[in-house]
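*Asks:* Residue numbers (UniProt numbering), protein chains in the order written: chain F, 1 to 249; chain A, 1 to 467.
Hints are computed from structural coordinates only; laboratory data are not their basis. One or more hints might be untrue.
Derived lysine-lysine pairs resembling DSS-like cross-links, with alpha carbons at most 30 Å apart [stated by the list, open to error]: (1) K81/A x K75/F; (2) K145/A x K23/A; (3) K75/F x K317/A; (4) K358/A x K75/F.
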Amino acid sequence: MYSIELLPNSSSHATPGWTYVPDRRDRGFDPAKAAITPAVGRKRGIRDPGRADLSSRQNNAIVRHLAELDRENHKDVSIPIPVKQQKDASGRGTRGKVTSNVRRILQSQKTFRNHLDDEEAAQAQAAQTATQRPAPAQVSRLTKPSSSRRSSTPATASKPEPSSSRQKKHTTPATPSAVPTASTTASTDGDGDKPDSDPSPNPAKLITSEHDNDPLLRSYIPSAPPTASCKPSSPNHLFPTTPPAPAHP
Amino acid sequence: MGTTKPRPSGRNSIAKAPSLPSKTFVIDNGAHTMKAGYAPDSVPSDDGSQLLSTCATIPNALTKTRNNRVYIGSQLHTHVKDWNELMFRRPVEKGYIVNWEAEKEIWEHSFFDEKTARKDLRIASPEETTLVLTEAPNALPILQKNADEIVMEEWGFGGYFRTIGPSLNAWNEIQSLFGDPLVQNPDGPISPAECLLVVDSGFSHTTVTPVYKGRPLQRGIRRLDLGGKHLTNYLKEMVSMRQYNMVDETYIMNDVKEAVCFVSNNFPGEMEQAWKGNRKRSQPDPSEGVVVDYVLPDPNAGVKGFMRPHDPLLNLKKRKSTLSGSETALLSEDVLVLGNERFTVPEILFTPGDIGMKQAGIPDMILQSLSVLPTGLHPAFLANVLVVGGNALLPGFMDRLETELRQTASTECVVRVRRPQDPIRFAWLGGARFATNKEELKRVAITRQEYQENGSSWAGRKFSGAL
Numbered sequence: 001m002y003s004i005e006l007l008p009n010s011s012s013h014a015t016p017g018w019t020y021v022p023d024r025r026d027r028g029f030d031p032a033k034a035a036i037t038p039a040v041g042r043k044r045g046i047r048d049p050g051r052a053d054l055s056s057r058q059n060n061a062i063v064r065h066l067a068e069l070d071r072e073n074h075k076d077v078s079i080p081i082p083v084k085q086q087k088d089a090s091g092r093g094t095r096g097k098v099t100s101n102v103r104r105i106l107q108s109q110k111t112f113r114n115h116l117d118d119e120e121a122a123q124a125q126a127a128q129t130a131t132q133r134p135a136p137a138q139v140s141r142l143t144k145p146s147s148s149r150r151s152s153t154p155a156t157a158s159k160p161e162p163s164s165s166r167q168k169k170h171t172t173p174a175t176p177s178a179v180p181t182a183s184t185t186a187s188t189d190g191d192g193d194k195p196d197s198d199p200s201p202n203p204a205k206l207i208t209s210e211h212d213n214d215p216l217l218r219s220y221i222p223s224a225p226p227t228a229s230c231k232p233s234s235p236n237h238l239f240p241t242t243p244p245a246p247a248h249p
Numbered sequence: 001m002g003t004t005k006p007r008p009s010g011r012n013s014i015a016k017a018p019s020l021p022s023k024t025f026v027i028d029n030g031a032h033t034m035k036a037g038y039a040p041d042s043v044p045s046d047d048g049s050q051l052l053s054t055c056a057t058i059p060n061a062l063t064k065t066r067n068n069r070v071y072i073g074s075q076l077h078t079h080v081k082d083w084n085e086l087m088f089r090r091p092v093e094k095g096y097i098v099n100w101e102a103e104k105e106i107w108e109h110s111f112f113d114e115k116t117a118r119k120d121l122r123i124a125s126p127e128e129t130t131l132v133l134t135e136a137p138n139a140l141p142i143l144q145k146n147a148d149e150i151v152m153e154e155w156g157f158g159g160y161f162r163t164i165g166p167s168l169n170a171w172n173e174i175q176s177l178f179g180d181p182l183v184q185n186p187d188g189p190i191s192p193a194e195c196l197l198v199v200d201s202g203f204s205h206t207t208v209t210p211v212y213k214g215r216p217l218q219r220g221i222r223r224l225d226l227g228g229k230h231l232t233n234y235l236k237e238m239v240s241m242r243q244y245n246m247v248d249e250t251y252i253m254n255d256v257k258e259a260v261c262f263v264s265n266n267f268p269g270e271m272e273q274a275w276k277g278n279r280k281r282s283q284p285d286p287s288e289g290v291v292v293d294y295v296l297p298d299p300n301a302g303v304k305g306f307m308r309p310h311d312p313l314l315n316l317k318k319r320k321s322t323l324s325g326s327e328t329a330l331l332s333e334d335v336l337v338l339g340n341e342r343f344t345v346p347e348i349l350f351t352p353g354d355i356g357m358k359q360a361g362i363p364d365m366i367l368q369s370l371s372v373l374p375t376g377l378h379p380a381f382l383a384n385v386l387v388v389g390g391n392a393l394l395p396g397f398m399d400r401l402e403t404e405l406r407q408t409a410s411t412e413c414v415v416r417v418r419r420p421q422d423p424i425r426f427a428w429l430g431g432a433r434f435a436t437n438k439e440e441l442k443r444v445a446i447t448r449q450e451y452q453e454n455g456s457s458w459a460g461r462k463f464s465g466a467l
């Protein structure tokens, strides 16, 4: 796999010419990946820019340190499963026969990193095939929803996006005096959004509860959450993606 | 079909048992400990302490002592007397069950083997039991598939439901925790809290999960790759550099961490207080200072480790007793002096930049999570922040989180941060309460028969909400 290195810029005083970047992926970290983890807020980056331009040597030291903190045992140890006597196994919940799936899983010595690499490879492959032929409309039929849905998310999520960004623009001056203006813009926004909100059975209906008048819980932009935010963008979602209407009895 | 297992009673059970079994076993399978127990038929009326008595906390690890003996799960507490140089093998990596070989061993030892399983935890007949199993958010599909296959094909549970751990917290009785009036009909079925922002700070990571009516809002889930394990290791590293070499003493350092660490609400001030230069200048009352002594456990004398106020004259006393030849107890004890280690270690949860990690701390993470949710939900989530997981027990954690959230959240929102009585078993408790709502459980769980008909990839789609 190729890797992208952040080269030290002129302001840092690393050894001129080259830095030694050890390839220590077997120790449980990958410098290329650790370098592109999401950074802290934009503002903090502006305030102390010193953090941003670490030399790659420093970066690797940090990454190695983090990998060290992630290991529980200082030394590499292998702890085998204690062997049992045959007669002991009789009281167990398992029966004698195991299916091929179970045998495969139990014998697999893959680590989390192996699984993650497999998954990334599968996603890359799925993305390639998805570009070759148009994505099918039925997302839920796919066996790899996470990868393929990522590409199809904009199509479904684009509708609520403009309104939310507009709302955000209105509410960013978070002074106490902004409350009434925010609520008025919200109401006008709600009216304006009605035509192009999503075509579920009752899109404009708010969720009612006895707490609606509770000053604690009153929201200054009274709109129901768009269904897009209830939809899973990854496969491990808990419940079916019905709109958040009151559940039928 | 290859997934079905030929069993003599299989046909009969299919014919007569299409619905879920009545008994439900809930496992909150954490990386450090698993929380397990049977769910009751109905929720007791008290505050959950009665329910919690049926929940056991079992170390989710194989432990190797320094004389090369291997112990499984709860044997760590009953059989191991020498805590020096313990090594652990954990089947759960990064919060996900990765190694089923080890996990199966621990589960069988704890739940299935009639010789070793506790009587109230034993699953005598999996066919007549529904299993509710938790997982960390954003698990890999292959790991989810492995879990489904093992649960249904190795043990053959009669019913099965795999869910994201934090979402179960919403089924708890949240209103009294936050001091809200009770809205739920006490006689009706249990229903989830409407809006709950769950911060789960566990062993291997910290996650933020907005839960809306018991469903996690997937796009709002955020993760910080720091947890209790990292705190322990960081403390271990500091102590090893400054005092004794403790790099092999993970277990002991975990105890030290639990005894002495706290989250500072005034970081520069505490730093100043812990500074050695200041200590000489004005001798403050040692009981007020940040610095404490931790007496390390002594396996030969059978003494457990404990914390006590710092004694600056300890070395002097030791020297004196050597000269006089009396008081051997004082000579044999090993003491760690802990100053700023006490609060700089948990500080990394709030500012991961301290160890060079380019991720946002917990308060920032909460705001990042909210930023992708509709603005109308922000006040409701900020007013219902629930912190669970072992790190919530660090003194000062809650105050710090509430202060920082208050400072960064918008003015008109009320910020309330709460911690349940038992933050470690709270997800389990929620799961147990959820399991009493049979209607809801029936809607989301699968039966053994359905699994045999449709296979594991169908089960994965069902749990992901695609069906």
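*Asks:* Give a verdict on every hint.
*Replies:* Hint check:
A C-alpha spacing of about 21 Å is found between K81/A and K75/F, which places the hinted pair at or below 30 Å, so the restraint holds. For the suggested pair K145/A and K23/A, the alpha carbons sit about 24 Å apart, so the restraint of at most 30 Å is met. Note on K75/F and K317/A: the hinted pairing is violated, with a Cα-Cα distance of about 37 Å set against a maximum of 30 Å. Distance hint between K358/A and K75/F is fulfilled; the C-alpha atoms sit about 27 Å from each other, no more than 30 Å.
Of the numbered hints stated above, the single one contradicted by the structure is hint 3.
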